[in-house]
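Q: Note that the protein sequences, when read in sequence, are chains W and X.
At the far end of the first sequence sits residue 427, using the numbering used here, and the numbering has no gaps.
At the far end of the second sequence sits residue 204, using the numbering used here, and the numbering has no gaps.
In case anyone wonders, no lab produced these hints; they're calculated from the structure.
Glycine included, C-beta positions come from ideal geometry on N, C-alpha and C.
Each hint should be verified, as a subset may be incorrect.
[As the list claims (entries may be wrong)] Some chain W residues close to chain X (C-beta under 8 Å, calculated; not the full set): (1) Thr300; (2) Glu303; (3) Ala309; (4) Ala317; (5) Ile343; (6) Trp361; (7) Val363.
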Amino acid sequence: MNAPLPAALDWSLAAHQVLSRHGFSVVGYVPDGGHKRMIELCQADARMRTVVMTTEEEGVGLAAGAWLGGAKTVLLMQSSGVGNIINALGMLRECRIPALILVTMRGEYGEFNPWQVPMGQATPEVLRAMGVTVQHADSAADVAEQVDAAARLALGSYQCAAVLISQRVIGIKSFEDQTSR
Amino acid sequence: MSLHRRDVVKALLQDRGKVLVVAGLGSTAWDCTAAGDRDLTFPMWGAMGCAAMTGLGLALAQPKRRVLVLTGDGEMLMGLGSLATIGVQKPDNLCVVVIDNERYGETGMQESHTAHGVDLAAMARAAGFASGLLLRDAAGVAALRKAIHETAGPHFAQVKVVAEKIPLVLPPREGALLKTRFRAALLGSAANTE
Chain W
247 MNAPLPAALD
257 WSLAAHQVLS
267 RHGFSVVGYV
277 PDGGHKRMIE
287 LCQADARMRT
297 VVMTTEEEGV
307 GLAAGAWLGG
317 AKTVLLMQSS
327 GVGNIINALG
337 MLRECRIPAL
347 ILVTMRGEYG
357 EFNPWQVPMG
367 QATPEVLRAM
377 GVTVQHADSA
387 ADVAEQVDAA
397 ARLALGSYQC
407 AAVLISQRVI
417 GIKSFEDQTS
427 R
Chain X
11 MSLHRRDVVK
21 ALLQDRGKVL
31 VVAGLGSTAW
41 DCTAAGDRDL
51 TFPMWGAMGC
61 AAMTGLGLAL
71 AQPKRRVLVL
81 TGDGEMLMGL
91 GSLATIGVQK
101 PDNLCVVVID
111 NERYGETGMQ
121 ESHTAHGVDL
131 AAMARAAGFA
141 SGLLLRDAAG
151 VAALRKAIHE
161 TAGPHFAQVK
171 VVAEKIPLVL
181 PPREGALLKT
191 RFRAALLGSA
201 ANTE
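Please model the complete structure; the sequences and the hints are all you need to start from.
A: Following this line, the structure appears as structure tokens:
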């Protein structure tokens, strides 16, 4: 369990390096099993301020305020959390404030919890409906490249971009598996 | 209850110096505009419930500047979790002030939860703010203005005001304009081509 992953499979480390290179300094998150390692990497990074939130919607205000002050924000959330940010996303779009959202997917590839399925299946559509550019990372080796491309698009075009990291990458297969992590 | 919202906001923004201001949607945004439309005021026309967190993001990005969030009771009630989030971050340069008329002013003056005793200041104290004040008079407002400029926060204040319908004084509406003028005034025009 403690043996280091091969670099190509340690997608959190690779994606964290991408975030660091782009200068993201504010990290808003609601804890999620799929983001566990990413959250820990950001917490250990002296150039990143991590902000634990009670609901994902808080992250939209956080990102807007940070950008007003000259800082770049990445938001970490699970697909269920996407449902909590929809109205607030209107602010980022109307103000053309860039933000990057990394979404760990549930309710898709081999989901065991039926309550996760409705929001998981709706996630790409509702993000697109609010003008968010949606990219997919379906393998561990693909995450960093997708995050890099989404970051460039977000910052270069003053938009909100999301990378949906497939449940296939995260690999949670049962409730017991989830809680043992 | 004798305080009038426009007087309170005008007093809090008097000689504001380098204070950065986030104004929550609705009446508090109009109050800030009535006190003088400024580039370094970000008035929100939507995203109800997000004003305090917008203030937190700004306070974290600009730790050397004082940040004042002015918002209404209804707007704050929609984002109560942000009190807990700010309580964890403890930015000493942030002050959240709720102008509390106990009403949803833009939608027909229906009573909000604060009309029924919900104590936002106590919630802020319990969440870990450095102070959480319930204010009802001009002396309290004057002391709050001093705290905004001088003492370590995060501060929270709930200022009880008269429920009244007063003329709208509207800031520019376009979000991109409001954002761009704020960033240019704060970060310099180079921010426009970042």
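Q: Hint by hint, say whether it matches the structure.
A: Status of each hint after checking the structure:
This hint holds: Thr300 (chain W) has a C-beta 3 Å from the nearest C-beta of chain X, less than the 8 Å allowed. Because the closest C-beta pair between Glu303 (chain W) and chain X is about 7 Å apart, less than 8 Å, the hint holds. Checking Ala309 (chain W) against chain X: minimum C-beta separation of about 6 Å stays under 8 Å; hint holds. Because the beta carbon of Ala317 (chain W) sits about 4 Å from the nearest beta carbon in chain X, less than 8 Å, this interface hint is met.
A distance limit of 8 Å between C-beta atoms decides the matter here; for Ile343 (chain W) the minimum to chain X is near 6 Å, and the interface restraint holds. Restraint check, Trp361 (chain W) versus chain X: the minimum CB separation of about 21 Å is more than 8 Å; hint violated. Because the closest C-beta pair between Val363 (chain W) and chain X is about 26 Å apart, greater than 8 Å, the hint is violated.
Checked against the numbered hints listed earlier, the structure breaks hints 6 and 7; every other hint is satisfied.
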